[in-house]
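Fit chain S to the supplied structure of chain E, relying on the hints for placement.
Number of protein chains: 2
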Amino acid sequence: MRAEIITIGTEILLGQTTDSNSAWLGQHLNASGVQVERITSISDEPEAIVRALDAVPPSIDWVILTGGLGPTKDDLTKHVLCTYFGDHLVFRSDVYAHIETLFASMGRVPNALNRPQAELPAQAEIVSNAVGTAQGMLWTRGSQRFLAMPGVPYEMKHIMETGILPRMKAERNEIMVHRYFVVQGIPESDLALRLEGWEAALRPPVSLAYLPSPGLVKLRLSILGPVAEEKTLQARIDEVAAELKGLLGEDAYAETLTPLEEVIGQQLRALGHRLGTAESCTGGAIAARITSVAGSSAYFQGSVVAYANAVKQGILGVNQADLMVHGAVSEPVVKQMAAGLRKQLKVDWAIATSGIAGPDGGSAEKPVGTVWIAVAGPSYLWAERFQMGRDRGRVVQKTVLASLNALRKGLLAAAAPK
Amino acid sequence: MRAEIITIGTEILLGQTTDSNSAWLGQHLNASGVQVERITSISDEPEAIVRALDAVPPSIDWVILTGGLGPTKDDLTKHVLCTYFGDHLVFRSDVYAHIETLFASMGRVPNALNRPQAELPAQAEIVSNAVGTAQGMLWTRGSQRFLAMPGVPYEMKHIMETGILPRMKAERNEIMVHRYFVVQGIPESDLALRLEGWEAALRPPVSLAYLPSPGLVKLRLSILGPVAEEKTLQARIDEVAAELKGLLGEDAYAETLTPLEEVIGQQLRALGHRLGTAESCTGGAIAARITSVAGSSAYFQGSVVAYANAVKQGILGVNQADLMVHGAVSEPVVKQMAAGLRKQLKVDWAIATSGIAGPDGGSAEKPVGTVWIAVAGPSYLWAERFQMGRDRGRVVQKTVLASLNALRKGLLAAAAPK
Chain E
69 MRAEIITIGT EILLGQTTDS NSAWLGQHLN ASGVQVERIT SISDEPEAIV RALDAVPPSI
129 DWVILTGGLG PTKDDLTKHV LCTYFGDHLV FRSDVYAHIE TLFASMGRVP NALNRPQAEL
189 PAQAEIVSNA VGTAQGMLWT RGSQRFLAMP GVPYEMKHIM ETGILPRMKA ERNEIMVHRY
249 FVVQGIPESD LALRLEGWEA ALRPPVSLAY LPSPGLVKLR LSILGPVAEE KTLQARIDEV
309 AAELKGLLGE DAYAETLTPL EEVIGQQLRA LGHRLGTAES CTGGAIAARI TSVAGSSAYF
369 QGSVVAYANA VKQGILGVNQ ADLMVHGAVS EPVVKQMAAG LRKQLKVDWA IATSGIAGPD
429 GGSAEKPVGT VWIAVAGPSY LWAERFQMGR DRGRVVQKTV LASLNALRKG LLAAAAPK
Chain S
69 MRAEIITIGT EILLGQTTDS NSAWLGQHLN ASGVQVERIT SISDEPEAIV RALDAVPPSI
129 DWVILTGGLG PTKDDLTKHV LCTYFGDHLV FRSDVYAHIE TLFASMGRVP NALNRPQAEL
189 PAQAEIVSNA VGTAQGMLWT RGSQRFLAMP GVPYEMKHIM ETGILPRMKA ERNEIMVHRY
249 FVVQGIPESD LALRLEGWEA ALRPPVSLAY LPSPGLVKLR LSILGPVAEE KTLQARIDEV
309 AAELKGLLGE DAYAETLTPL EEVIGQQLRA LGHRLGTAES CTGGAIAARI TSVAGSSAYF
369 QGSVVAYANA VKQGILGVNQ ADLMVHGAVS EPVVKQMAAG LRKQLKVDWA IATSGIAGPD
429 GGSAEKPVGT VWIAVAGPSY LWAERFQMGR DRGRVVQKTV LASLNALRKG LLAAAAPK
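In order, the protein sequences belong to chains E and S. Numbers given in our numbering equal positions in the first sequence, counted from 1, plus 68. Numbers given in our numbering equal positions in the second sequence, counted from 1, plus 68.
One chain only, chain E, in its complex shape (with noise of 0.2 Å):
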């Protein structure tokens, strides 16, 4: 099956609202067996609508719209698709019984401008929202489905899970299988390089794409086939997999896409260790990985975000004379934020960094992207100088990658067999 997606709002356009709503509905829907030709983000008004729903391909089987179905005058979504389709609207007493519902929870009721959201489609079939006021409508027009739904990710996301991948899964007939590696540290072109002999003899329908972000490369095993032969899809995917394992090895620190703070979170509950952090340059954004963490808690005891150098002796306990003599930024004093952290915060495990973010307090020894990592544990203390660049939100995001992978490694060394 073939989708489009169609994102609504004249908001993206003008770059005020990044569209995240297309990458999840990407992802979902081809671990749904969908795959999406297309994404093609409009403007609000009723003749970009029209002219998007005009040009979908009669390849496509599903044409999924987000945006403008809110309460307010800029909301024009159900009346263009009800104009295009033919269609009128109704009022649902039974939608309308559920915003009440819903406002309820939250201590409200519903205004005047929420009425109109029970005014629905007579001819669409209603997928229930049950964490929204507007409803999901679906029209089937020949072999073609058009799904409108809100652009509000929390909601769009649940009429998706609970009304239309379930569907969308007892209906296909071909599968797309994935296997994925993650390399931290490792710039892409070096990677390619190393992968260059392997990669040349690959053949369709196996492909490899590599894709690059600020620390990060993660490379894309796929193959496309009918369901009715997936195992056979899976066995060969893992065959080509364990090629590419073998030559990465240790450099590879995932398999699947779980992210890094899940990788340490499940080693650190193997361990029964526990984790603290003493930030810097990173300011929080290390602790605040750790905890987007369901369940966290059970590892993570807390951090001291040592921005000041006041912070750094007061709580930390780094030596004055260190601090005056090496800087800040160095590797005496990321150690003993390290070590001053597990002792205050009673943890097996710390991570530490200082770092020049940027874009001021450069030196031509410490230019804007020097950062000093340090882990400590049982038995174990890393540090390294690394060069982050220029940005300091890429300084940042680097940095927060580069601390979770080399705790990875000081957990990986703990849980070896001596």
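Each hint can be trusted.
Below 27 Å or equal to it, Euclidean Cα-Cα: the simulated DSS-like pairs (lysine-lysine) are:
hint, chain 1, residue 1, chain 2, residue 2
1, S, Lys411, S, Lys477
2, E, Lys477, E, Lys411
3, E, Lys414, S, Lys403
4, E, Lys486, E, Lys403
5, E, Lys403, E, Lys434
6, E, Lys286, E, Lys477
7, E, Lys313, E, Lys286
8, E, Lys403, E, Lys414
9, S, Lys237, S, Lys225
10, E, Lys225, S, Lys434
11, E, Lys403, S, Lys411
12, S, Lys477, S, Lys403
13, E, Lys225, E, Lys237
14, E, Lys313, E, Lys477
15, E, Lys411, S, Lys411
16, S, Lys414, E, Lys411
17, S, Lys225, S, Lys286
18, S, Lys477, S, Lys286
19, E, Lys434, S, Lys225
20, S, Lys477, S, Lys414
21, E, Lys403, S, Lys414
22, S, Lys434, S, Lys403
23, E, Lys486, E, Lys313
24, E, Lys313, E, Lys299
25, S, Lys313, S, Lys286
26, S, Lys403, S, Lys486
27, S, Lys411, E, Lys414
28, E, Lys411, E, Lys486
29, S, Lys414, E, Lys414
30, E, Lys477, E, Lys414
31, S, Lys225, E, Lys286
32, E, Lys225, S, Lys286
33, E, Lys411, S, Lys403
No lab work stands behind these hints, which were simulated from the structure alone. These figures come from a predicted structure and were not determined experimentally.
Leaving out everything else, chain S in the frame of chain E:
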């Protein structure tokens, strides 16, 4: 001038990469007098690229393509465009010299896969990419221009900022002026109801849009008109913005898209005050947001991420009896966290958070999403309970915004004449 953005990369359709380039392009094209009519994401197969180019309507002046220019085998855009425009590749020694210099600055040398990146189309104008290996390429066909750039956000932005946006600004004939208001903590439909009468009287070319995201609603006023009439347009939108400001009062925290973390930074600088955070459920996310602002070390001292109760007691001095009687998510605890942080870090202002981010840990009395926030300052102590919904990521995101907004109000009070 009108533009169409085409992003090339199967990883976008598979949802492995979120297309953040298009949002940046939308913002900057708009500010340079170019309206984006459509954004299309397609796979990196040659047929898909050709089909997208064929579908560009004659009304489009600029076609902006990103992606598929990297050093690896799956990067085909350059070759497909050469064929499409009847062009051919020539080796550019000046570009290769740039690639060598760039690698030298990272202590590396180009490998065999980087050399072909200096092979560039003979008929295209090369738009320099000083920060990466893949150059921008600009073809002109009749009145239409086709620009291909790498998908790496950092490199794409550099090419646009140095080589393209200044040219667009010099050529523009239409301008769209905007005014923004940002409101934290008021639901979209409540806001829309408050503005209903005023909004109904708005007449084209003035328009109002609501841009909701978790915890925030951005309001955008827009007028499009000829460049020659810019002064009139600005005066007109200022009039309308003044009316809207009157209706919003103190509920609008900014009249630009300035993020809250920058607003509070300006307030702290003006007062000469220093800040720290004591975070439980936000896990460092408030500190990470504050330190994302360049120069934040002038007012931000640091944080204690007190995920575990032992850290709340040990470092922040929270009373053990209060933790046992009232629980960690309670008014006395969050107030003590803020007070303890002020003392421990010797700062003027402290934000403290304690909540149940979920999915586990909720109870009938304190369901998932219950969050206490406190702000403490010189002669200032405020705390409030919130219900932030049931999704872990959204609970954190909304708590970060509500905390920064609460601090903003505290700082406003401190700055007000006594």
